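Residue-level listing of the chains:
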Amino acid sequence: MTINLDNTAGYASSFLDEAFGNLIFDFTLENVKKTVEIISEQEPYWKEMIESKTYPEWESRRKKGERPKITIDHLPWYRLQNNKIVCEIWEQLG
Amino acid sequence: MRNMGAIRITIDLCQSLDSSDWVDIVAIIINSILALWIISRLQNKITNKRVLKDHFITEIREIRNEYKQYLKNLYADSVNPKTIIPWFKLMNIKVSDTMMYLNTKYKIEPTLLNPYQNDLRELITENPEFNNQFKDKIVLTLSPEFKTQLVTFQQTNSKLFNEIIVKINDAN
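The listed protein sequences derive, respectively, from chains B and A. The working numbering puts the first residue of the first sequence at 1, with every later residue one more than the last. The working numbering puts the first residue of the second sequence at 95, with every later residue one more than the last.
No lab work stands behind these hints: they were computed from the structure. All of these numbers come straight from a predicted model, not from anything done at the bench. Check each hint, because a few of them may be wrong.
Listed next, with one range per pair, are the computed distances between beta-carbon atoms [as the list claims (entries may be wrong)]:
1. Ala9/B <-> Asp191/A: 12 to 20 Å
2. Asn83/B <-> Leu217/A: 52 to 60 Å
3. Cys87/B <-> Lys199/A: 50 to 58 Å
Cβ-to-Cβ under 10 Å is the rule here; a few derived chain A residues that face chain B [as the list claims (entries may be wrong)]:
4. Leu184
5. Ile187
6. Thr192
7. Tyr195
8. Pro209
9. Asn212
10. Arg215
11. Glu216
12. Gln227
13. Asp230
Keeping only pairs whose Cα atoms sit at most 20 Å apart, straight-line, the calculated SDA-like set for lysine to any residue is [to be verified]:
14. Lys176/A <-> Ser13/B
15. Lys147/A <-> Lys261/A
16. Lys53/B <-> Asn208/A
17. Lys176/A <-> Lys53/B
18. Lys147/A <-> Trp131/A
19. Lys199/A <-> Asn263/A
20. Lys176/A <-> Phe15/B
21. Lys63/B <-> Ala19/B
22. Lys231/A <-> Lys69/B
23. Lys188/A <-> Gln42/B
24. Lys188/A <-> Tyr11/B
25. Lys53/B <-> Ala170/A
26. Lys176/A <-> Leu16/B
27. Lys47/B <-> Ser190/A
28. Lys183/A <-> Lys69/B
29. Lys229/A <-> Tyr11/B
30. Lys183/A <-> Lys63/B
31. Lys183/A <-> Ser14/B
32. Lys47/B <-> Ile179/A
33. Lys53/B <-> Asp213/A
34. Lys183/A <-> Ala19/B
35. Lys69/B <-> Glu220/A
36. Lys188/A <-> Asp17/B
37. Lys69/B <-> Leu5/B
38. Lys176/A <-> Ala9/B
39. Lys47/B <-> Cys108/A
40. Lys183/A <-> Asn7/B
Glycine is no exception: its CB is placed at the ideal position from the N, C-alpha and C atoms.
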């Protein structure tokens with residue numbers, strides 16, 4: 001899967017951190033690196049930030065079991081659990 | 095009459111020269127032409143180099159002024175929060191393009207303006223005041239504490255532009 005970050009009105013770093021970080025948390029660094037290609041030619045800094053900072057930080061959180069903070073309730077989403085892809089509400093408010 | 099006299103002298107002079115004198119005269123003429131040609135080529139090259147340097151110095155000054163003006167607008171609480179991220183994106187593209195040329199031409203480090211491109215954006219967009227006002231406010235109102243952070247940022251980093259200008263000037 002290719003995620004092209006170009007030709008948009010721009011991003012806040014926290015948005016990209018959350019978006020890609022949760023991908024790591026849900027599917028592991030190994031799987032995301034194998035599957036996801038990031039393109040960011042207009043702002044190469046984003047690709048660098050995601051791969052060198054976001055990925056290792058969220059992988060570390062995943063291994064330690066530090067659950068992500070959520071600010072609103074979400075619909076069920078997919079996560080890799082015991083080598084199976086399971087869809088449920090993994091985190092809740094409160 | 096005077097012209098006739100001058101022509102007569104010239105003819106007499108030419109007739110008195112031998113072949114080795116002619117070789118010397120031709121050599122002098124050729125060397126003079128060559129020297130003039132080399133000087134004019136060098137002059138053009140030096141002029142072109144200077145023109146290009148001046149162009150890039152102007153570009154850096156313009157970038158500096160854009161950041162300065164934007165920060166001024168932020169202090170004056172006259173920036174729409176929804177325009178901040180798009181503004182930084184456009185500036186980043188402009189800055190990256192310019193720094194890429196400076197790196198190619200003058201071997202200037204292309205990430206020198208990273209504090210303005212990335213740190214400043216993060217300083218603003220990671221601030222709770224920005225997040226809280228993003229959806230509903232038409233202008234972003236910043237606290238005095240946050241404005242102080244912006245002032246500190248400028249105090250620390252505004253010298254970067256002059257550093258780049260000096261590097262351009264000093265480059266070969």
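Structure-based check of each hint:
Hint check: alanine 9/B to aspartate 191/A, Cβ distance near 18 Å, so the stated range 12 to 20 Å holds. A hinted range of 52 to 60 Å for the beta carbons of asparagine 83/B and leucine 217/A is inconsistent with their spacing of about 42 Å. Checked against the given bound of 50 to 58 Å, the beta carbons of cysteine 87/B and lysine 199/A, roughly 54 Å apart, stay inside it. With 10 Å as the threshold, the beta carbon of leucine 184/A comes within range of chain B, its nearest partner Cβ sitting at about 8 Å, so the hint holds.
A hinted interface residue such as isoleucine 187/A counts as satisfied when its beta carbon comes closer than 10 Å to some beta carbon of chain B; here the least separation is about 6 Å, so the hint holds. Because the beta carbon of threonine 192/A sits about 14 Å from the nearest beta carbon in chain B, more than 10 Å, this interface hint is broken. Hint on tyrosine 195/A is violated. Least Cβ distance to chain B is approximately 16 Å, over the 10 Å limit. Annotation: interface hint on proline 209/A violated; nearest CB of chain B at approximately 12 Å, more than 10 Å.
A cut of 10 Å between beta carbons decides the hint on asparagine 212/A: the least distance to chain B is about 6 Å, and the hint holds. Interface hint at arginine 215/A: satisfied, since its Cβ lies 7 Å from the closest Cβ of chain B, which is below the 10 Å cut-off. The closest approach between the C-beta of glutamate 216/A and any C-beta of chain B is roughly 5 Å, which is under the 10 Å cut-off, so the hint is satisfied. Interface restraint check: glutamine 227/A against chain B, minimum CB-CB distance 14 Å, threshold 10 Å, status violated.
Given hint, aspartate 230/A at the interface with chain B, is violated; its Cβ is 16 Å from that chain's nearest Cβ, farther than 10 Å. A threshold of 20 Å between alpha carbons decides the hint, and for lysine 176/A with serine 13/B the separation of about 15 Å falls inside it, so the pair holds. Restraint check: the Cα-Cα separation between lysine 147/A and lysine 261/A comes to about 10 Å, which is no more than 20 Å; the hinted pair holds. Between lysine 53/B and asparagine 208/A the alpha-carbon distance is near 16 Å, which keeps this suggested pair within the 20 Å criterion.
Proximity of lysine 176/A to lysine 53/B is assessed by CA-CA distance (about 26 Å); at most 20 Å being required, the pair is judged violated. Straight-line distance between C-alpha atoms of lysine 147/A and tryptophan 131/A comes to about 24 Å, which puts the hinted pair past the 20 Å bound. This hinted pair checks out: lysine 199/A and asparagine 263/A have alpha carbons roughly 12 Å apart, not beyond 20 Å. The hinted pair formed by lysine 176/A and phenylalanine 15/B meets the criterion: a straight-line CA distance of about 14 Å does not exceed 20 Å.
Between lysine 63/B and alanine 19/B the CA atoms are separated by roughly 18 Å; this keeps the pair inside 20 Å, and the hint holds. Distance restraint check for lysine 231/A and lysine 69/B: the Cα-Cα separation of roughly 26 Å exceeds the 20 Å cut-off, and the hinted pair is therefore not satisfied. Between lysine 188/A and glutamine 42/B, the direct Cα distance comes to roughly 10 Å. Compliance with the 20 Å bound is thereby established for this hinted pair. Distance hint between lysine 188/A and tyrosine 11/B is fulfilled; the C-alpha atoms sit about 16 Å from each other, no more than 20 Å.
Between lysine 53/B and alanine 170/A the alpha-carbon distance is near 34 Å, which puts this suggested pair outside the 20 Å criterion. This hinted pair checks out: lysine 176/A and leucine 16/B have alpha carbons roughly 17 Å apart, not beyond 20 Å. The straight-line distance between the Cα atoms of lysine 47/B and serine 190/A is roughly 15 Å, inside the 20 Å bound, and the hint therefore holds. For the hint pairing lysine 183/A with lysine 69/B, the CA-to-CA distance comes to about 28 Å; that exceeds 20 Å, so the pair is violated.
Straight-line distance between C-alpha atoms of lysine 229/A and tyrosine 11/B comes to about 15 Å, which keeps the hinted pair within the 20 Å bound. With a CA separation close to 34 Å, the supplied pair lysine 183/A and lysine 63/B exceeds the 20 Å bound. With a CA separation close to 15 Å, the supplied pair lysine 183/A and serine 14/B stays within the 20 Å bound. Restraint check for lysine 47/B and isoleucine 179/A: the C-alpha separation of about 17 Å stays at or below 20 Å, so the hint holds.
Between the alpha carbons of lysine 53/B and aspartate 213/A the distance comes to roughly 15 Å, so the proposed pair stays at or under 20 Å and holds. Distance hint between lysine 183/A and alanine 19/B is fulfilled; the C-alpha atoms sit about 19 Å from each other, no more than 20 Å. Straight-line distance between C-alpha atoms of lysine 69/B and glutamate 220/A comes to about 16 Å, which keeps the hinted pair within the 20 Å bound. Distance hint between lysine 188/A and aspartate 17/B is unfulfilled; the C-alpha atoms sit about 24 Å from each other, more than 20 Å.
This hinted pair does not check out: lysine 69/B and leucine 5/B have alpha carbons roughly 24 Å apart, beyond 20 Å. With a C-alpha separation of about 10 Å, the suggested pair lysine 176/A and alanine 9/B falls inside the 20 Å cut-off, and the hint holds. Note on lysine 47/B and cysteine 108/A: the hinted pairing is violated, with a Cα-Cα distance of about 79 Å set against a maximum of 20 Å. The suggested pairing of lysine 183/A with asparagine 7/B holds, with an alpha-carbon distance near 10 Å, which does not exceed 20 Å.
In summary, the numbered hints that this structure violates are 2, 6, 7, 8, 12, 13, 17, 18, 22, 25, 28, 30, 36, 37 and 39.
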